Amino acid sequence: TNAEVEASPLFNADDRSGRNIAFGVREFGMGAVMNGIALHGSTKVFGATFLAFSDYMKAAIRLSALQHVPSIYVFTHDSITVGEDGPTHQPVEQLMGLRLIPGVDVLRPGTAEEIASAWQRALTSTDRPTILILSRGEIGAQGSTDQAKQSLENGAAQIKHHDEAKINLIAAGSEVQIAQKVSELLSLPSNVISMPNLSRFLALDDDKKQQIIPETGTKNVIIEAGTTLGWQGIAGNDGVIFGIDEFGMSAAAQIALDEFGFNAEDIVDKITQELQ
Numbered sequence: 001t002n003a004e005v006e007a008s009p010l011f012n013a014d015d016r017s018g019r020n021i022a023f024g025v026r027e028f029g030m031g032a033v034m035n036g037i038a039l040h041g042s043t044k045v046f047g048a049t050f051l052a053f054s055d056y057m058k059a060a061i062r063l064s065a066l067q068h069v070p071s072i073y074v075f076t077h078d079s080i081t082v083g084e085d086g087p088t089h090q091p092v093e094q095l096m097g098l099r100l101i102p103g104v105d106v107l108r109p110g111t112a113e114e115i116a117s118a119w120q121r122a123l124t125s126t127d128r129p130t131i132l133i134l135s136r137g138e139i140g141a142q143g144s145t146d147q148a149k150q151s152l153e154n155g156a157a158q159i160k161h162h163d164e165a166k167i168n169l170i171a172a173g174s175e176v177q178i179a180q181k182v183s184e185l186l187s188l189p190s191n192v193i194s195m196p197n198l199s200r201f202l203a204l205d206d207d208k209k210q211q212i213i214p215e216t217g218t219k220n221v222i223i224e225a226g227t228t229l230g231w232q233g234i235a236g237n238d239g240v241i242f243g244i245d246e247f248g249m250s251a252a253a254q255i256a257l258d259e260f261g262f263n264a265e266d267i268v269d270k271i272t273q274e275l276q
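Residue numbers (full-length UniProt numbering): 1 to 276.
No farther apart than 25 Å at their CA atoms in a straight line, the calculated lysine to aspartate or glutamate pairs in the DMTMM-like style are these: (1) Lys219 with Asp245; (2) Lys149 with Glu215; (3) Lys166 with Asp205.
Cβ-Cβ distance ranges computed for the label pairs, FRET-style: (4) Asp245 with Asp14: 47 to 55 Å; (5) Ala251 with Gln142: 21 to 29 Å; (6) Arg62 with Gly236: 29 to 37 Å; (7) Leu229 with Ile255: 24 to 32 Å.
Just so you know, the hints here were simulated from the structure itself, not pulled from any lab data. Quantities reported herein were computed from a predicted structural model and do not represent experimental measurements. Beta carbons are placed, not taken as given, at the ideal position from N, Cα and C, and that holds for glycine.
With these hints in hand, go ahead and build the complete structure from the sequences.
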């Protein structure tokens with residue numbers, strides 16, 4: 001993961017002024033050192049690696065939550081779009097597993113504005129760790145600053161609203177872009193909802209939830225390139241979940257997405273079949 005403090009050298013035996021530490025494939029060590037720096041209290045600290053390798057530092061993440069340490073974990077390459085590296089580098093169950101840890105803000109922003117808001121929230125946190133889940137490639141979804149603030153505050157927000165919506169398209173991260181495309185292709189009116197913080201949304205009262213995801217006369221469709229486990233409560237009994245409950249494959253990003261049904265055309269076809 002290419003994440004560093006610009007204009008600063010590497011910290012090493014000959015130069016202790018550097019603000020960048022190269023840990024190599026030493027994820028748990030990185031997490032433990034991050035917590036130590038954060039506990040010292042004078043410096044904000046973040047560390048970055050592939051999402052699939054968050055498993056190696058899970059104990060450090062859990063301890064940062066237990067100790068209310070505001071460490072910032074940046075996990076990139078967040079889905080099967082990792083590409084030719086194959087299943088060893090493609091996360092499936094990691095994201096939902098991280099969401100299960102108490103006392104951690106797990107943020108998977110779906111627009112550029114949400115990324116900026118998520119980073120700001122991480123930097124201002126004083127008593128809990130933040131995990132930023134980011135994609136390998138560019139984020140193409142269109143949002144707004146106001147929407148981004150709402151989605152980080154409430155866990156989710158509508159990017160597109162239709163007064164007579166029949167479908168709620170709910171997505172996170174780079175899949176928000178797919179949801180927007182699905183909305184364009186659907187013959188039925190739809191809302192598009194970005195949900196960067198599932199846990200925060202679930203903590204809302206029912207009235208607030210229904211303002212974001214209307215229940216009357218609508219079907220919920222979940223789109224996230226990870227395990228479907230954990231989304232059933234949002235989808236509802238008659239909802240549809242597009243996810244991945246198996247290991248990925250070694251292939252170019254778009255080929256992998258097509259293989260697992262993560263393109264707008266396939267999703268539209270499946271939704272249409274469900275409504276017949």
